[in-house]
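Enquirer: Letter by letter, the chains look like this.
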Amino acid sequence: MAATDAPRVPDQPRRVDWQSRAMLSRRRRRYAAEWRLKTYGLCAIVLAIGLLAVLVGSLMATGYKAFTQSMVTVEISLDPARIDRNDVFNANWRAMVREGLAAAMPGLAKSEERDYFAMFTASAHFLVRDRVVARPDLIGQTAEYTLPLSDPLDQFNKGEIRRDTPPEQRRVNDRQIAWFDALVEKGLITRPFNTGLFVNADSRFPELAGLAGAISGSFWTLLVCFLISFPTGIAAAIYLEEFAPRGKATDFIEVNINNLAAVPSVVFGLLALAVFLGVFGLPRSAPLVGGMTLALMTLPTIIIVTRNALKSVPASIREAALGIGASKHEAILHHILPLAMPTILTGTIIGLAQALGEAAPLLLIGMNAFITSPPAGIMDPATALPTQIFIWADSPERGFMARTSAAILVLLGFLIVMNAIAIFLRQRFERRW
Amino acid sequence: MDQQTCSPAVVTPAEPRIMKNKPVKISARNVKVFYGDKQAIYDLSIDIPDRAVSSFIGPSGCGKSTFLRCINRMNDTIESCRVSGEIEIDGKSIYDPSIDVVELRARVGMVFQKPNPFPKSIYENVAYGPRIHGLAGSRRELDEIVTRSLKRAGLFDEVKDRLDETGTGLSGGQQQRLCIARAIAVDPEVILMDEPCSALDPIATARIEELIDELRGNYCIIIVTHSMQQAARVSQLTAFFHLGRLIEVGDTDEVFTNPQEKRTQDYITGRFG
Numbered sequence: 001m002a003a004t005d006a007p008r009v010p011d012q013p014r015r016v017d018w019q020s021r022a023m024l025s026r027r028r029r030r031y032a033a034e035w036r037l038k039t040y041g042l043c044a045i046v047l048a049i050g051l052l053a054v055l056v057g058s059l060m061a062t063g064y065k066a067f068t069q070s071m072v073t074v075e076i077s078l079d080p081a082r083i084d085r086n087d088v089f090n091a092n093w094r095a096m097v098r099e100g101l102a103a104a105m106p107g108l109a110k111s112e113e114r115d116y117f118a119m120f121t122a123s124a125h126f127l128v129r130d131r132v133v134a135r136p137d138l139i140g141q142t143a144e145y146t147l148p149l150s151d152p153l154d155q156f157n158k159g160e161i162r163r164d165t166p167p168e169q170r171r172v173n174d175r176q177i178a179w180f181d182a183l184v185e186k187g188l189i190t191r192p193f194n195t196g197l198f199v200n201a202d203s204r205f206p207e208l209a210g211l212a213g214a215i216s217g218s219f220w221t222l223l224v225c226f227l228i229s230f231p232t233g234i235a236a237a238i239y240l241e242e243f244a245p246r247g248k249a250t251d252f253i254e255v256n257i258n259n260l261a262a263v264p265s266v267v268f269g270l271l272a273l274a275v276f277l278g279v280f281g282l283p284r285s286a287p288l289v290g291g292m293t294l295a296l297m298t299l300p301t302i303i304i305v306t307r308n309a310l311k312s313v314p315a316s317i318r319e320a321a322l323g324i325g326a327s328k329h330e331a332i333l334h335h336i337l338p339l340a341m342p343t344i345l346t347g348t349i350i351g352l353a354q355a356l357g358e359a360a361p362l363l364l365i366g367m368n369a370f371i372t373s374p375p376a377g378i379m380d381p382a383t384a385l386p387t388q389i390f391i392w393a394d395s396p397e398r399g400f401m402a403r404t405s406a407a408i409l410v411l412l413g414f415l416i417v418m419n420a421i422a423i424f425l426r427q428r429f430e431r432r433w
Numbered sequence: 434m435d436q437q438t439c440s441p442a443v444v445t446p447a448e449p450r451i452m453k454n455k456p457v458k459i460s461a462r463n464v465k466v467f468y469g470d471k472q473a474i475y476d477l478s479i480d481i482p483d484r485a486v487s488s489f490i491g492p493s494g495c496g497k498s499t500f501l502r503c504i505n506r507m508n509d510t511i512e513s514c515r516v517s518g519e520i521e522i523d524g525k526s527i528y529d530p531s532i533d534v535v536e537l538r539a540r541v542g543m544v545f546q547k548p549n550p551f552p553k554s555i556y557e558n559v560a561y562g563p564r565i566h567g568l569a570g571s572r573r574e575l576d577e578i579v580t581r582s583l584k585r586a587g588l589f590d591e592v593k594d595r596l597d598e599t600g601t602g603l604s605g606g607q608q609q610r611l612c613i614a615r616a617i618a619v620d621p622e623v624i625l626m627d628e629p630c631s632a633l634d635p636i637a638t639a640r641i642e643e644l645i646d647e648l649r650g651n652y653c654i655i656i657v658t659h660s661m662q663q664a665a666r667v668s669q670l671t672a673f674f675h676l677g678r679l680i681e682v683g684d685t686d687e688v689f690t691n692p693q694e695k696r697t698q699d700y701i702t703g704r705f706g
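Top to bottom, those sequences are chains R and Y.
For the first sequence, this note's numbering begins at 1 and goes up steadily by one.
For the second sequence, this note's numbering begins at 434 and goes up steadily by one.
Note that these hints are calculated values from the structure, not bench results.
Just so you know, these numbers come straight off a predicted model, no measurement behind them.
One should not assume that every hint holds.
Straight-line alpha carbon distances no greater than 27 Å define the calculated DSS-like cross-link-like pairs of lysine-lysine that follow [claimed, not checked]:
id	chain 1	residue 1	chain 2	residue 2
1	Y	Lys584	Y	Lys547
2	R	Lys328	R	Lys311
3	Y	Lys465	R	Lys328
4	Y	Lys455	Y	Lys547
5	Y	Lys695	Y	Lys465
6	R	Lys248	R	Lys311
7	Y	Lys525	Y	Lys593
8	Y	Lys465	Y	Lys553
9	R	Lys186	R	Lys158
10	Y	Lys553	R	Lys311
11	Y	Lys593	R	Lys328
12	Y	Lys525	Y	Lys695
13	R	Lys38	R	Lys110
14	Y	Lys525	Y	Lys553
15	R	Lys311	Y	Lys525
16	R	Lys311	Y	Lys471
17	Y	Lys455	R	Lys328
18	Y	Lys584	Y	Lys525
19	R	Lys328	R	Lys248
20	R	Lys248	Y	Lys455
21	Y	Lys547	Y	Lys471
22	Y	Lys525	R	Lys328
23	Y	Lys525	Y	Lys453
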């Protein structure tokens, strides 16, 4: 009321000339600054997507051939007289399989057999044996068996080893090429999708090496990691956020948790080596130890994410619960935690995705061992996807090169799936207040 | 500047008429509240009648909400907050160590400034209190409590067909009535309302005011409000707060027509605030 009849200051109604030259150029500069900011951002995104495309593109280029495998299909007759039904394992599988393979190439000289059989995977007889063990009715029948070619022939079929290379520089000799051409002629060579990449465990022979061991090793490891870090992280975060008295001790803990999140993962590996293996004597290469190590790494992430999620639940919900006489733990467990859960889950999945891609700590606890059967539990020796990639990248055989890229693509696939789940959860359950 | 002229608080000029025929429900003596080093309330003493509506008015930051939150000890949740002096409900000190806060808050319900239903169904919102306090022996009893509370809050007819829809999907006024139903469901003796209509439109406000008037006969209601008209319409006792002090308290009609204090008069005539 009093303000309306205040005396007018003489120089107050000063008109600004918004159309003046100075004003116009000033506005132009402001718009230009905005345009630059937008352009910088756009450039950054183009660069990031470009680099990602280069990465995935080069992996695809080297890795796509590992998703198929050259196979030969031959008829093998299983004479019941040569197989003891009570001891199927110890029949002379090698001889029976070799007879079948030789039958596909009539007129093979005795001296040529060594080179000829080297065209097929050295484990062919194990593959036939395992199939018959699973289906005993095959005994006494003549059936078609599809067996992988050995790595050099696989590479030759895929064009990685070229015909015009001088024979002394390639691992496939001229006779083998001639036999191969003859088999192609008969339509016995196929190149189907490489299911072995997903159902086989590791092997010395690239044509048989697969990721089943690494995938199940990673699964058990992540399971242990989740079971340890998720409840512990949430409990720690609830205590710090809701119960801990504010003070020097809490600040100290908080600073240390933030620091832990930034500690290089190899350090956690060393710690695990010294404590879990050294002091507690837990088994080497076990997913249990791997999971515990990765849990150390994931824990700070989950604590930080959970604390932020709890903080972002509006105070009005807490007041509403306390206001009708809920105790603190009821307010937390019935209202605050459920509302924070989507965010916590999202953060946890991203933390686990990080753990999935971690190789360094697992190398130190021996999860880079050569293990030819998938682990059946958390105490069996195992590898994990990143350490399997490490092992294959280190192997000299040509076939492992493509398989390394393929394994990286599989790992990236898992990461994309996990992150997609995280995004889905966030969008599906995100609440607006 | 006002704090320096720290004369002993001029409080009640004469005993309000309402106190003669209503029993005292809440009585505060020399209450002081500090947030860290900052004092928010100075030596406050007041008696609040049962089965009536009392309103706290005053400019922003005068301590009326702070005092309201002392009555159900919601201030406990603020770490830096200290309360001294005596607040008694039915003659029992609520800051006594033997008092259980959970029980106190069940007896002293609260409705907040912004409607804050739980993001759960309407039914669950109302049922939550009785459930945690174990007030219903069976599902049928719980249904009864929910229905009765919603009816008393004047919301039942609007939501009876959609009790399992989420409470946050209601309009602002309905949400606030849901919050009142939620508070009533645990059968409190006192209901504290902290500017319950400040986020509502005039029609929803009128609906809440009617409701407060209906509830008056059964509860001791305290309402903090910035609207002088609202205080005049719904309350029988009015207390005027200024800068952390209780300046004047009396029958609502007395305070509004014949204020004893100049500051009260200035405020209610809109000269400051």
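Enquirer: Which numbered conditions among the earlier hints are violated in the structure presented, ordered from lowest to highest?
Expert: 4, 7, 8, 11, 12, 13, 14, 15, 17, 18, 20
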